[in-house]
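If you're matching them up, the sequences are chains S and L in order. The first sequence begins at 1 in the numbering used here and counts up by one. The second sequence begins at 1001 in the numbering used here and counts up by one.
A few of these clues could be false.
What the hints assert, rightly or not - Selected chain L positions facing chain S (in silico; Cβ < 7 Å):
#1 V1015
#2 G1016
#3 D1054
#4 L1055
#5 F1061
#6 N1304
#7 K1363
#8 V1367
#9 N1375
#10 L1380
#11 G1428
#12 N1533
#13 R1537
#14 Q1539
#15 R1556
Stated by the list, open to error - Each computed DSS-like pair below joins lysine-lysine, with the alpha-carbon atoms no more than 30 Å apart:
#16 L:K1343 with S:K381
#17 L:K1501 with S:K308
#18 S:K549 with S:K461
#19 S:K63 with L:K1501
#20 L:K1453 with L:K1549
#21 L:K1381 with S:K308
These are computed hints drawn from the structure, not numbers from a lab. Beta carbons are placed, not taken as given, at the ideal position from N, Cα and C, and that holds for glycine.
There are 2 protein chains.
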Amino acid sequence: MKKLRIALAQTNPTVGDLAGNAAGIVKLLSKAQRSGAELIVFGELAVCGYPPEDLLLKKSFLKDSYETVKKLAGQCADIPVIVGFAEPTNQGCCNSAAVLVDGKIAGVYRKVHLPNYGVFDEQRYFMPGDESTILQINGHDLAVTICEDIWANEYLSDLLSKTGPIQGLINLSASPFHAGKMSVRQKLLANRARQLAGPVCYVNLVGGQDEVVFDGGSMIVEASGKVLAAGRRFGEDLLVVDLALPEAADKKAPAVARVNRIVIQSPQPVSKPKMAAEPTAELNDLQEIYEALVLGTRDFVRKNGFSKVVLGLSGGIDSALVAVIAVEALGAENVTAVTMPSKYSSDETRSDAERMARNLGIKLITVGIQQVFDNYLQVLKDAYGEGPAGLENENLQARIRGNILMALSNRFGWLVLATGNKSETAVGYCTLYGDMVGGFAVIKDVFKTTVYKLAEYVNSKAEREVIPASTIERAPSAELRPDQKDEDSLPPYDLLDAILKLYVEEDKHLDEIVAEGLDVEATRQIIRLVDRNEFKRRQAAPGIKITPKAFGRDRRLPITNRYG
Amino acid sequence: MKKLRIALAQTNPTVGDLAGNAAGIVKLLSKAQRSGAELIVFGELAVCGYPPEDLLLKKSFLKDSYETVKKLAGQCADIPVIVGFAEPTNQGCCNSAAVLVDGKIAGVYRKVHLPNYGVFDEQRYFMPGDESTILQINGHDLAVTICEDIWANEYLSDLLSKTGPIQGLINLSASPFHAGKMSVRQKLLANRARQLAGPVCYVNLVGGQDEVVFDGGSMIVEASGKVLAAGRRFGEDLLVVDLALPEAADKKAPAVARVNRIVIQSPQPVSKPKMAAEPTAELNDLQEIYEALVLGTRDFVRKNGFSKVVLGLSGGIDSALVAVIAVEALGAENVTAVTMPSKYSSDETRSDAERMARNLGIKLITVGIQQVFDNYLQVLKDAYGEGPAGLENENLQARIRGNILMALSNRFGWLVLATGNKSETAVGYCTLYGDMVGGFAVIKDVFKTTVYKLAEYVNSKAEREVIPASTIERAPSAELRPDQKDEDSLPPYDLLDAILKLYVEEDKHLDEIVAEGLDVEATRQIIRLVDRNEFKRRQAAPGIKITPKAFGRDRRLPITNRYG
């Protein structure tokens, strides 16, 4: 049985940075060449970054994308390459894979199944392809597919009914992370490999892009369903594997309608020893969430031209966790924390904020807000008129803090990290233009109960108390009025998060949630709060998707909405 | 030639308010019955409101939508009705038109062409229908279609090739407004009427829903292409018309594959005199933009449960125009203005703000910001360190004003209206969490040059100087530092807006814009500013779409974007 040395190249492109992405491709290409690979495969839209969104409506962008691929072809003359790009065609734009051979674009496969759910809007941009592509390399027939194609149940059987047996499947993907997604992918790829009776070579992108993180983990799954080799999670990687493939029954396969066949005889003998391809250690849920948050933060900050960030450190657990993630992503020297006490701030939270900053080795600035707050109340006295103060003054304190963070951001060029979690973002237990300010909301998709688990994980990973036990153990409080506790306004977080998971992520109705045994009054309250606070979320900073359904592009509810 | 008395009912539904929308439908239904109509047609998704967005992912919503239609059927037993709703089917959700006859759902037409561009995401939610529906009423064959169906070139010819000649076309629409859209619609409908050699009965929705306004203007276009009758723009209406229709050649038309035929013999003779259906006066561009802004504001405020609004009145033209629109939409008694002078505020702008408030008869609150601003600088002194102050302090002033508006909003339950225009929103000449605060951004899609035209229109319509001439004539300034003028930072607005139109609305490249004769340096600067300020717009309040491409759902650019 002849072997094919295949390289799966997992790059971290930046949307729109065609030249930079091409440079990243060339870098891994050279490495693959040195390893003696006979075929190298990159991810979906690796040339453009994913998702390019409405850049795809610019004719100049499509033209530049095509020119970039043509230029790439010239740079990989002696090794066949498959790379994803946005292709301008007469019928419209396609999500395509270019097969580069001998310095030219030898053929193109156009994605057939265009996802248009969740975070995906591909039918807004792309025309579906209507042809299959078989790459016949050194006598092996490999089908080229792009992401969703292999998730569609009918695709592979349709293909096989046209082509007869093939020896393997190549899939270029841009598959965004959520906790647990990897095992879903593995299961699918194993099913396809068994269906095909041959290996599936799956290349994912890696890196953060606004709300999504691509988690890498490219892999080759054998006909048996076993993972033969897997690439890094959350980092660039090149996976080089010698694949045992039977030869195609008939090397001169007859032409089949709607199937393009690209025949390549690789000039390189498989001579040098293959690179090691150890299956990477599997990550548990907390590990992969943590890595996603770190990578998503690093990439958002850097790809947007920032190097330093600032955040409010309250002494509470949310901002503590965000500080840890920021330091891991960017280095302690690039993180500044600000503590902004008022008369409602307890000694405990203030000293916890100081301890956190010390533990992480980050600079801590103190700016008290009491004087400014009192001053606002004075100038607002007439406008407020009679009557006791309420929520307006709680929010005002949060907004003064927001102003201070933004003033420092504007003065020093630091990006502000918002520290709100998914539970409070869901129910609106946060102040618009207050604690919601920021260019990026790191833990926006992390439930409070998961925040606790991540805090424990951080400490156990560091084998020391990075996040003080007192921060973890203290009952959560916004500290905007005397003796305030989150649980005065909200159900306990374990109940709250259970309801939110069913309502927000699974679109369940009140009756269905109650039928699962959850409290009817709490559920009614939470549904009402989630629905009424869409206006706040619409003005929230983007944050990293780590669950099956995140606020943002993934969940599109009207603000004006009287249902329920 | 027998006549058919048809009623086109243009309702203003609220998304999700199934019971309320049904009540609005029943109200017009009764009116149509009294007028002797033999058939009454409502708009697309009139039962659910348009667009329901991710409510369509909730099974309970689809079930409730269906139940609402069943109930409606029972309430319109003695007149055939066609009404749009979201229909749960075994294959998924469809955008459907129910034909209600004799108290039952006699048949359903499912929209075939699902728009997935601009503000539309229909392929995210709906399965396309694959059948046509012919309503044979009193011997006339009318095809039922939904919105995009008739915009697709092939739809009608395909239909006619299956059915042979039909006598008319019914179209249920939810067509969002932009300036000039009406003439595009009229032209299309005239083409279809000529193609059909019969009348087209077009029913649009009316009302504001978050970022879009449906402008009504339902109409009947004759075979000649002439508009026979037209409904109100920007208001609910019932249009009752006696349509002259030839009878179908063969009343017992043979069954055709993929064509459903619903046969109705209307029990009501055409006896009572038909209601007047004067074609409404056509609105020019400024008139229709103004009406759209008024309706969009009124509906956003009221449908979200508010009655009163507050806005910052600076003495400049943007806030002056928003105040006028707010008063027209909600009444002077429901609008409060706040003037928030600093030491950079000129006497002229302060007195203009006062004059505006007097002219409109609205309450004006004055809250000076200087003292609070000075106080911030004092507490920020150490954190700022050495070096001259820059943008941070300009932004800080805007943010103090934002805080004051939000404090009043929180205290009194007033919705804050943001007053930024499209030109400054495009280039980021605005302060995030400062002048951008608000629940609704009324003129967000209005270019500054159009703001001037609307101001002149307001004064000429009122036949008095509602907006002071000095406000219109003064060079625009943010008044955040001494002698500041917008044109210190930006090209003149006529040039700026010309560039923005090409770049933002038409997705043109630098080279193409320059080829149209616009200044290369200015164009390069503006493109850079537009691209770099996506992060601000992503956190902006929703506003009313009045151009072919508005910021928001209509234009989806990544924040992280290195193209260009």
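Hint by hint, here is what the structure shows:
no.	hint	in the structure
1	V1015	holds (5 Å)
2	G1016	holds (3 Å)
3	D1054	holds (5 Å)
4	L1055	holds (6 Å)
5	F1061	holds (6 Å)
6	N1304	holds (6 Å)
7	K1363	violated (11 Å)
8	V1367	holds (6 Å)
9	N1375	holds (5 Å)
10	L1380	holds (6 Å)
11	G1428	violated (13 Å)
12	N1533	violated (12 Å)
13	R1537	violated (11 Å)
14	Q1539	holds (5 Å)
15	R1556	holds (5 Å)
16	L:K1343 with S:K381	holds (21 Å)
17	L:K1501 with S:K308	violated (35 Å)
18	S:K549 with S:K461	holds (28 Å)
19	S:K63 with L:K1501	holds (22 Å)
20	L:K1453 with L:K1549	holds (20 Å)
21	L:K1381 with S:K308	holds (21 Å)
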